Amino acid sequence: MPLIHSIKRGVYFDSVSLMRAAQMLSGLPGVSDASLVMGTRSNRDILALSGLDADDFNAAGDSDLLIAIRFESPASESDLLEQVERALTRRQEAGAQDSGIKPSSLEGAVRVLPGANLALISVAGRYAGDLARDALEQGLHVMLFSDNVPVETEIELKRLGRDRGLLVMGPDCGTAIINGTPLGFANAVARGGIGIVAAAGTGLQEVSCLISHHGEGISQAIGTGGRDLSGAVGGIMFIESIRALDADPDTRVILLVSKPPHPDVRRAIGDLVSTIRKPVVTLLLGSAEAGQPMTLEEAALAAVERLRMVQHSLQGKDLDSRSRGNDTVSVGGEVSVDIEAANALESSVATALAGRLSAGRRYIRGLFSGGTFCAEAQIILNRSLKGLFSNAPTAGSSELDNPLHSRGHTIVDLGDDTFTVGRLHPMIDFTLRKKRILDEAADPETAVILLDVVLGYGSNPDPAGELSEVIREAVSKTAVICSVTGTDSDPQCRRRVVEALKKAGAHVLPSNASACRVAGRIACSI
Amino acid sequence: MVLTATAHPSVPVAGLMTPPCGFCAGDRIADGFYHLHSRFDRAANFIGVPGLVCLVDASLGAGPNTITLDAALRNASDSMSIRFPLLTLGDIAIDLSDVDIFDSGIEPLTQAIDQVLPNIDRFRHALPEHAPPISIPGFVSGTSRHRSVARRPSCETFLSSAFTRIASGIRMLADDRLVEGLKLIAGCGPGLTPSGDDFIAGWLTGLHVATLWFDRDESDRIGVIRQTAPSANPIVQSQFRFAVEGRVTESMKTLLASLTADEGMVDRSVQRICGRGASSGADYLAGFLFTFDQEFFACH
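Just so you know, the sequences run in chain order V and P.
Each number in this note's numbering comes from the position in the first sequence (counting from 1) with 157 added on.
Each number in this note's numbering comes from the position in the second sequence (counting from 1) with 7 added on.
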């Protein structure tokens, strides 16, 4: 394979900039390896061992930047060098523009913005606890985006927050919407009467977007972090958040989303919910309780339905709740979802796609950026299929020996540590997913590639642009089915993303649950 | 001339700025003309005949050759002159008469050695705890999580190779194979100050402290290091020079002071230095610790 090599004399970058640029280059189609390092003798030795050396590198000095890119066609040398230039320039410009007020401490930030009442903390986990404690002691609610915070610290922080009447969202809380302001990975959803408490980030995004699509809105969406519902933490913040929504006059219906909590926590939540007069919809993803929603989509629709019941009740109208007779979810006389039509749509898509597959293609390969979507996919697919594998097994799936290689029906959580070390989250960086889509399509046993595309603040700014090319290539061999979580008001605009993905050949379903059902139908029909 | 805390007469210049509160200049900054070497989010490095001067954000703290300035002034010009007490950045002149001059010298030990040793042990435990996974302490002596992160296939191939090479070099140093070990370590690492050079700078600082505090004669060892690990990178050269002279940053002075104080101070000081750069602070501390605790590195 050809090697591009270049020396930039007297050019300096910090190691983070160089690592990021090298990662970006390594992720480009046709590039097999890339390194950007200063030209010290040690570094030249390492490049030589990696097969990335060039004769003219011997003339480089400690103050020179070496660029080495191993590539195959169709990449061109000038294009790749231009990409290097752009990556490094972008980083410099970002630094140069960053000359506004930049407090270097929490105290400084509070002085700059005296009215602030919430601190969003996103530092390495080992430092996050002290910072969160300082914030709480200064009377600030806390959203703790950081992970790797010890459970003892989490318990201490949450107890402190509870005692002071402050929320501690997290650790590992990726999503919240507070007073209409999206925090972390969140979407531009309508405001309205449904308050959400969720232990799962992408789960919260999906239900809030589906509620918005169905014409209702969110009062507050509070994330707690997945560990809150463990026996050790005892659901401290889940319970405090329910109380907060109960006391919030703008919240008419409360929607709770989580995986099944520890039995003691579940009992405590149940006791609290039984005292609340507002309607409460509970989704415990993975627990098969009769009469409860099973999927994020069902939970969102149930909350919409309950809200409309409340609204009609307040308007003194007769209620006409679920009418099962015609398989239609009917809310207050308004049809929100025609189940028969949805079934027909899913069935026709599945039949059409299954008919196009060549012999031998029989397995689903789910490549998810959202952990909750990965879990929901397994819950839905395990109802109709046997022999599911995952790197984050749930609902009866088996653990994958090697998350980098699929076997049988495989559902992968690309947000798992295995894939994210040294990289951005797969909701932002699509490099691995694009490679994996092409790998799966090339596997003669793959029938369906199942994807989630998550829009909103913080997510990849151009998901359709990133995915279209690989989807176009993959659909020549296999079916590509996806859902798009987001709204038309998101920075990426859901409508435009859906149109572009469809144009590339993907089949876009209205929810992750729907996409999984279609994938399941295809696999069952083969 | 070298800045001192002695008062100097003000120079009357039209539009002369008074430095903001908290403004601080290092005591190893010399008069001269400097041009821009490199610029980052929180620092701009200027180089001239007298050496290197860094204009830095206050959050980075004082150092022997640093001047704390806000971003607007740091980015105001690509050239700078210092004729004490006047600092000129393009058409902006700043009167340095009343600035705080940071004393970068290492204080002699006033406590008994017995009081210091337990804190070195605390330092030994705090370093892998606070070091980033992709750093020398994270790689050679971190927790199992640190090591698994740094050694995973998804970690950059170059970085894995670089840290493996540095770890081999450190083992050779521990076996007293100085020249071989230094050749592997010097200049190893991708960025502006390679991890290996940060380690060597920390080691040189440690050797100075060992001489000053514990009366050890480390002159031969320091000579071998200087001879075997030369660098053409002016920032690394400056690091090495200050280390040999026993000149350190404000945060390192705090750490040295904490080695004679209580446990909590050691932990916080290590944490603060580990936050410097991508891995520079942690790599520097690894070198410093190596002076006192070679077993720590040899056993991993």
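Hints are supplied without guarantee of correctness; some may be wrong.
Label-pair restraints from in silico Cβ distances [to be verified]: (1) P:237 to V:336: 46 to 52 Å; (2) V:650 to P:95: 49 to 55 Å; (3) V:280 to P:222: 39 to 45 Å; (4) V:187 to P:275: 55 to 61 Å; (5) P:264 to V:319: 49 to 55 Å.
Don't read these hints as lab results, they were simulated from the structure.
Fair warning: this is a prediction, and the values are worked out from it, not measured in the lab.
Every residue gets a Cβ at the ideal spot worked out from N, C-alpha and C, and that includes glycine.
Hint check results:
1. Between residue 237 (chain P) and residue 336 (chain V) the beta carbons are some 59 Å apart, a value that contradicts the proposed interval 46 to 52 Å.
2. Between residue 650 (chain V) and residue 95 (chain P) the C-beta distance comes to about 50 Å, which sits within the given range of 49 to 55 Å.
3. Checking the proposed 39 to 45 Å range against residue 280 (chain V) and residue 222 (chain P) shows it holds: the Cβ atoms sit about 41 Å from each other.
4. Between residue 187 (chain V) and residue 275 (chain P), the C-beta spacing of about 48 Å breaks the proposed range 55 to 61 Å.
5. At about 38 Å, the beta-carbon gap between residue 264 (chain P) and residue 319 (chain V) misses the expected band of 49 to 55 Å.
In this structure, the hints that do not hold are numbers 1, 4 and 5, in rising order.
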